[in-house]
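Using the sequences plus the hints, can you model the full thing?
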Amino acid sequence: MADLKSDFVGIKSPNPFWLASAPPTDKEYNVRRAFDAGWGGVVWKTLGLDPHVVNVNGPRYGAVYGADRRLLGLNNIELITDRPLQTNLDEIKVVKRDYPDRAMVVSLMVPCEEEPWKYILPLVEDTGADGVELNFGCPHGMSERGMGSAVGQVPEYIEMVTRWVKANTRMPVIVKLTPNITDIRQPAGAAMRGGADAVSLINTINSITSVDLDLFAPEPTIDGKGAHGGYCGPAVKPIALNMVAEIARSPDLQGLPVSGIGGITTWRDAAEFMALGAGNVQVCTAAMTYGFKIVQEMISGLSDYMDSKGMTSVDEIVGRAVPNVTDWNQLNLNYVAKATINQDLCISCGRCFAACEDTSHQAIAMSDDRTFTVIDDECVACNLCVNVCPVEDCITMEQMAPGTTDPRTGKVVEPEYANWTTHPNNPAAKAAE
Amino acid sequence: MAQDVFTPGIVPGRLEPGEYDSHFSDLHPRLDDHAALVAADRCYFCHDAPCITACPTDIDIPLFIRQIATGTPDAAAKTILSQNIMGGMCARVCPTEQLCEEACVREKAEGKPVLIGQLQRYATDHLQEQGIHPFVRAASTGRKIAVVGAGPAGLSCAHRLAMHGHDVVVFDARPRPGGLNEYGIASYKTVEGFAAAEVDWLLQIGGIEIRTGVALGREETLAGLRDQYDAVFLGMGLGGVNALRVEGEDKDGILDAVDFIADLRQAGDVATLPVGRDVVVIGGGMTAIDAAVQSKLLGALNVTLVYRRGRDRMNASVYEQDLAASRGVRIVTSAMPVGVTGNGAVREIEFSYVDADMKPTGETLRLAADQVLKAIGQTLEGEGLPALDGGKIAVDAVGRTSVDGVWAGGDCASGGDDLTVTAVAEGRDAAMDIHASLTAG
Ligand SMILES: Cc1cc2nc3c(=O)[nH]c(=O)nc-3n(C[C@H](O)[C@H](O)[C@H](O)COP(=O)(O)OP(=O)(O)OC[C@H]3O[C@@H](n4cnc5c(N)ncnc54)[C@H](O)[C@@H]3O)c2cc1C
Ligand SMILES: Cc1cc2nc3c(=O)[nH]c(=O)nc-3n(C[C@H](O)[C@H](O)[C@H](O)COP(=O)(O)O)c2cc1C
Ligand code: SF4
Ligand code: SF4
Ligand code: SF4
Numbered sequence: 001m002a003d004l005k006s007d008f009v010g011i012k013s014p015n016p017f018w019l020a021s022a023p024p025t026d027k028e029y030n031v032r033r034a035f036d037a038g039w040g041g042v043v044w045k046t047l048g049l050d051p052h053v054v055n056v057n058g059p060r061y062g063a064v065y066g067a068d069r070r071l072l073g074l075n076n077i078e079l080i081t082d083r084p085l086q087t088n089l090d091e092i093k094v095v096k097r098d099y100p101d102r103a104m105v106v107s108l109m110v111p112c113e114e115e116p117w118k119y120i121l122p123l124v125e126d127t128g129a130d131g132v133e134l135n136f137g138c139p140h141g142m143s144e145r146g147m148g149s150a151v152g153q154v155p156e157y158i159e160m161v162t163r164w165v166k167a168n169t170r171m172p173v174i175v176k177l178t179p180n181i182t183d184i185r186q187p188a189g190a191a192m193r194g195g196a197d198a199v200s201l202i203n204t205i206n207s208i209t210s211v212d213l214d215l216f217a218p219e220p221t222i223d224g225k226g227a228h229g230g231y232c233g234p235a236v237k238p239i240a241l242n243m244v245a246e247i248a249r250s251p252d253l254q255g256l257p258v259s260g261i262g263g264i265t266t267w268r269d270a271a272e273f274m275a276l277g278a279g280n281v282q283v284c285t286a287a288m289t290y291g292f293k294i295v296q297e298m299i300s301g302l303s304d305y306m307d308s309k310g311m312t313s314v315d316e317i318v319g320r321a322v323p324n325v326t327d328w329n330q331l332n333l334n335y336v337a338k339a340t341i342n343q344d345l346c347i348s349c350g351r352c353f354a355a356c357e358d359t360s361h362q363a364i365a366m367s368d369d370r371t372f373t374v375i376d377d378e379c380v381a382c383n384l385c386v387n388v389c390p391v392e393d394c395i396t397m398e399q400m401a402p403g404t405t406d407p408r409t410g411k412v413v414e415p416e417y418a419n420w421t422t423h424p425n426n427p428a429a430k431a432a433e
Numbered sequence: 001m002a003q004d005v006f007t008p009g010i011v012p013g014r015l016e017p018g019e020y021d022s023h024f025s026d027l028h029p030r031l032d033d034h035a036a037l038v039a040a041d042r043c044y045f046c047h048d049a050p051c052i053t054a055c056p057t058d059i060d061i062p063l064f065i066r067q068i069a070t071g072t073p074d075a076a077a078k079t080i081l082s083q084n085i086m087g088g089m090c091a092r093v094c095p096t097e098q099l100c101e102e103a104c105v106r107e108k109a110e111g112k113p114v115l116i117g118q119l120q121r122y123a124t125d126h127l128q129e130q131g132i133h134p135f136v137r138a139a140s141t142g143r144k145i146a147v148v149g150a151g152p153a154g155l156s157c158a159h160r161l162a163m164h165g166h167d168v169v170v171f172d173a174r175p176r177p178g179g180l181n182e183y184g185i186a187s188y189k190t191v192e193g194f195a196a197a198e199v200d201w202l203l204q205i206g207g208i209e210i211r212t213g214v215a216l217g218r219e220e221t222l223a224g225l226r227d228q229y230d231a232v233f234l235g236m237g238l239g240g241v242n243a244l245r246v247e248g249e250d251k252d253g254i255l256d257a258v259d260f261i262a263d264l265r266q267a268g269d270v271a272t273l274p275v276g277r278d279v280v281v282i283g284g285g286m287t288a289i290d291a292a293v294q295s296k297l298l299g300a301l302n303v304t305l306v307y308r309r310g311r312d313r314m315n316a317s318v319y320e321q322d323l324a325a326s327r328g329v330r331i332v333t334s335a336m337p338v339g340v341t342g343n344g345a346v347r348e349i350e351f352s353y354v355d356a357d358m359k360p361t362g363e364t365l366r367l368a369a370d371q372v373l374k375a376i377g378q379t380l381e382g383e384g385l386p387a388l389d390g391g392k393i394a395v396d397a398v399g400r401t402s403v404d405g406v407w408a409g410g411d412c413a414s415g416g417d418d419l420t421v422t423a424v425a426e427g428r429d430a431a432m433d434i435h436a437s438l439t440a441g
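Protein chains in written order, with my numbering: chain A, 1 to 433; chain B, 1 to 441.
Everything labelled a hint here was simulated from the structure, so no lab data went into it.
Don't be surprised by glycine CBs; every beta carbon is placed ideally from N, CA and C.
Accuracy of the hints is not assured; some may be wrong.
Here are the computed lysine-lysine pairs in the DSSO-like style, where the Cα-Cα straight-line distance is at most 30 Å [stated by the list, open to error]: (1) K225/A / K309/A; (2) K225/A / K96/A; (3) K189/B / K293/A; (4) K5/A / K293/A; (5) K293/A / K392/B.
Cβ-to-Cβ under 10 Å is the rule here; a few derived chain B residues that face chain A [what the hints assert, rightly or not]: (6) H28; (7) R30; (8) D32; (9) L37; (10) Y44; (11) F45; (12) H47; (13) D60; (14) Q67; (15) A75; (16) A76.
Okay, here's the thing in C-alpha cells:
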C-alpha cells in the first residue's frame, strides 16, 4: 500500500484529501467525524466578524440529477458560518490539539479593509491552525456585501488583501478563487503578486438549477422567490479541471501551488486534478452526498493506482499531465483514427447509429439483423459514438498506421507530426522548414 | 447408448456426454465488466448499511461495491477478504436472498436488490485469479495452535491466527481439506475445482500446516492436543447423520444424501455416477434440495423431495425451492415416511400425510423408488468433547468452550445458522479471541 503522505505548502497531512470549507467542516462535531473517518485535513467553514451572518430558514439547496436520482450537481445559497467567531475559534483549537497530524486550515472572509484582517489573523494563529484560506469565491449573498466573489472578480483587490494578510501572519496563505470570471489566470496572478503561498479552486459557479413551473420561481424557492446560488458537484469538475490546468501551464504562474476543488467524488477524480497540477485536493459535495466514509475508497483507490504505477509519493502524480495540455493549433493533424465496434460487446441498441446518422457523418452501417459497423470511408473519428455507447470499451478509436491510406480522404497517413500552424489551408501558415 | 433416463435401477450414464457439462456448469456465471459496473452503480452507499448488518461476517458491502464502481476491483477484494477470508466461496454459496440481499434497501424499493453476491464474486475472482494474496503474516509469536477440521470454520480460524504470527497445525480426518466446501456444496455452485484452489490461495499466508487423514478420536485426543499446543480450535462440523427410524431403512438403494453428494463432488467424471430412475429425497434443508437437484441433473427420470412439515418450515430458502422446481423436482410437504417395501433393494416407499401437529391425517402416498436419499439432518460425532448444548459444543460469543484453552466454531458449535459464512465468521472471531488470550498480559 503506497504512502499517501502529503506536504502542501508546508502543511502536512496523512493523505492529500481535504474537506473543502463548507457544511462538512462547519463545526467540531463534523470535523471530528471526518478525521475519524480518515480525511487528511479540513478547511474550516469560512469565519467572519461578529455579529455573525444568518442563513435563510427555508431550503438552501437545489439539485440536478442523473439516472436513478444520482446527484450530479448541487447548488446552494448558504452563507459563511452563522455561529459566533469565538465559538468557532475554540472548537478549532481543541480539534487541532486532538488531531495534530491532520491539516487544519481556516477559511476567512472579512470586509475589504486592513483592520479586520489585522484583528482576526492573530486569533486564528492562536488556535494552532496550520494555515488560512481567503474566501474570495462565494458568489451569492456575501458578494452583495462587497466580499467573496466581489473581491475575487477584481484582481487588484485580491492582490491588496493577500498582501495585507501576508504582512500580518506567519501562517501559509491559500487564496481561494471564484470561477465566475473569464480568465482564471488573472486572479491567480494577482494572488501570486500579493505573496500567496497557493491558490485553491474552484469555488461555486453562479447558477439556477431549476424552475418550479407551478410557482414560476427558481428553486430552491423561499416563500415564492429564489436567488441564484453556487453550483458544485460532479457537474462542475470539467470546468474546474480546465481552470487548474490553465494555471499549471501558464508560464507566468510557474511555481504557484494549487489546491484542486470542484466535483471530486472518487480517487480517480482526485488523481486527475493532481495530474493537472494540483498539489492536493478538497472535497465538498461528494462528502455531502455520501458521507465521510467515501474517503476510504479514495485512499485505497489512489494507493492501488500508485502501486500499479510504481509510484511511492503523491508528488510523482502532481503535474504529470501538464506537459500534455496544449493549444488546439499544436495537435497533430497527421494523427488519423477510426472508430471500431467490438461485436462481442455490442448489444445492438443503435445509439451510435442514431448519433452518427442523424447528427454527424453517416459513418455507421446498420444491417437487417441489427449489426452495427463503422464505415471507414466516412468516419472522421469524432468520438461521438464512443461517448453515446452504453457499453464501456465497446467502441474504441484505433489509430491508423503511418503509410496506410485513409479511405475517407484517399490520402496516405504521414508519419511526421504536422499541425495547423503549417497547414496549407491556414492563411497564416508559415511554410514548413 | 446403453442407458437412458428410462432404464430402471441405479445406473450411470443416463445422459449424453454433452448434457452433463451443461447440467453441471456454473449456476451464476461470473458478471463481466460491463454487467458488474451496471450492478455496482445501483448501490446507494447507504449509511450504516443494512446489508452489512445482515452479513454474518460484516463485510463492508457499500465500500467494496464503490471500489468496484471506481475501477478498483482488487481493492474491493481486499475489503471483502479482510472480513471474510472465504469471500470467494461465500459469494457462490451464501443464501444471499436470506442475508445481505434480503436486507438491501433496493429490495425494499424495487423488489430487486443490488447483486451483492455476484459483485463479491466479481471482485474476489479478479484478485485471486492473479494469484495475489493481499495479507502478510506478522512476525512469529512462537505459539502453536491446533485446529481440528479443515472446513470453513477451521481454515478461517487458521488463517487469522497465522496472520497474527502464530503457527497452526490443521488436522482433518478426510483425505482433502476444505470440509463441506470440498465434499458438500452443490457442484454447480463451485465449479472448476474452486474449493481446492481457494484453500491453496488461503494457505499462501504461510505458517499453516495441514495434516489430512488425521482424526480427533482416532490418531489424536483432545487431551493430547491440549498438552502439545497453546490452544485448540474445534471445527469438525457435523459428521453423523440422523436415521429415518422406519422399517426397511437398511434396504439396498437407501443412502445418506451427504454421502451421495460427497461422491458426486469427488467424481472425476459425473457420467460414471450411478443414479436411480425414481429418486425420493427425504428432508427439507439445503442438503435435501442439493441431493434432489443433482440427482435430476444426473439423469433421474422422477425426483420427489418429501418433507414432513409445511413449506414454510423448510430450511431451504424459497429461492432454493424454486431452483429445485425449475429443474423438475417435485416437492411434497407434510408427509412422513412410514414404510419401505422391496425385495432386498427398495422398490417403493410409503408416506403418511400429517397435520401441523405431526398427527397422521389418514391420507397416504406411495412413491415408486429405486433410490432413496436421506437428508434429515446431521449430528455431532465424537467423545470426550467439551460440554454440549442442544447436541452441539456449547460456546460463548467468541467461541470459548467449557474446557480451558479450547475454542469451537462452525456447524459443530452451538448458536448461529449452519452456513459456510457463519462458520467463517465464528472461526475468525475465535481466532481473534485466541490471539488476545495468548498475547494478554
Ligand atoms: C449438502 C450440503 C450443502 C450445503 N450448501 C450450502 C450452501 O449452499 N450455502 C451455505 O452457506 N452452506 C451450505 N451448507 C452448509 C455448510 O456447508 C456448512 O455450514 C459449513 O461447511 C460448516 O463449516 P464447518 O467448518 O463448521 O464444517 P465442515 O465444512 O463440515 O468441515 C468440518 C471438517 O472437519 C473434519 N472432521 C470432522 N470430524 C473430524 C475429526 N474427528 N477429526 C478431524 N477432522 C474432522 C471434516 O472432515 C471436515 O473437513 C451445506 C451443507 C451441506 C451438507
Ligand atoms: C453548502 C455549501 C456551502 C459552502 N460554503 C463555503 C464557504 O463557506 N466557504 C468557501 O470557501 N466555500 C464554500 N463552499 C464551496 C466549497 O468549498 C467548494 O469550493 C465547492 O463546493 C466545489 O467543490 P465540490 O464540487 O466538491 O462541492 C460551499 C459549498 C456548498 C455546497
Ligand atoms: S438534511 Fe437534516 S437538517 Fe437538512 S432538511 Fe433534511 S433533516 Fe433537516
Ligand atoms: S451504441 Fe454501442 S452497443 Fe449500441 S449499437 Fe452502437 S456499438 Fe453497439
Ligand atoms: S443496502 Fe443495498 S443499496 Fe444500500 S449499501 Fe447495501 S447493497 Fe448498497
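Comparing the hints with the structure gives:
no.: 1; hint: K225/A / K309/A; in the structure: 52 Å, violated
no.: 2; hint: K225/A / K96/A; in the structure: 41 Å, violated
no.: 3; hint: K189/B / K293/A; in the structure: 33 Å, violated
no.: 4; hint: K5/A / K293/A; in the structure: 19 Å, holds
no.: 5; hint: K293/A / K392/B; in the structure: 40 Å, violated
no.: 6; hint: H28; in the structure: 20 Å, violated
no.: 7; hint: R30; in the structure: 16 Å, violated
no.: 8; hint: D32; in the structure: 9 Å, holds
no.: 9; hint: L37; in the structure: 6 Å, holds
no.: 10; hint: Y44; in the structure: 9 Å, holds
no.: 11; hint: F45; in the structure: 5 Å, holds
no.: 12; hint: H47; in the structure: 6 Å, holds
no.: 13; hint: D60; in the structure: 8 Å, holds
no.: 14; hint: Q67; in the structure: 6 Å, holds
no.: 15; hint: A75; in the structure: 4 Å, holds
no.: 16; hint: A76; in the structure: 9 Å, holds
The earlier numbered hints that this structure contradicts are 1, 2, 3, 5, 6, 7.
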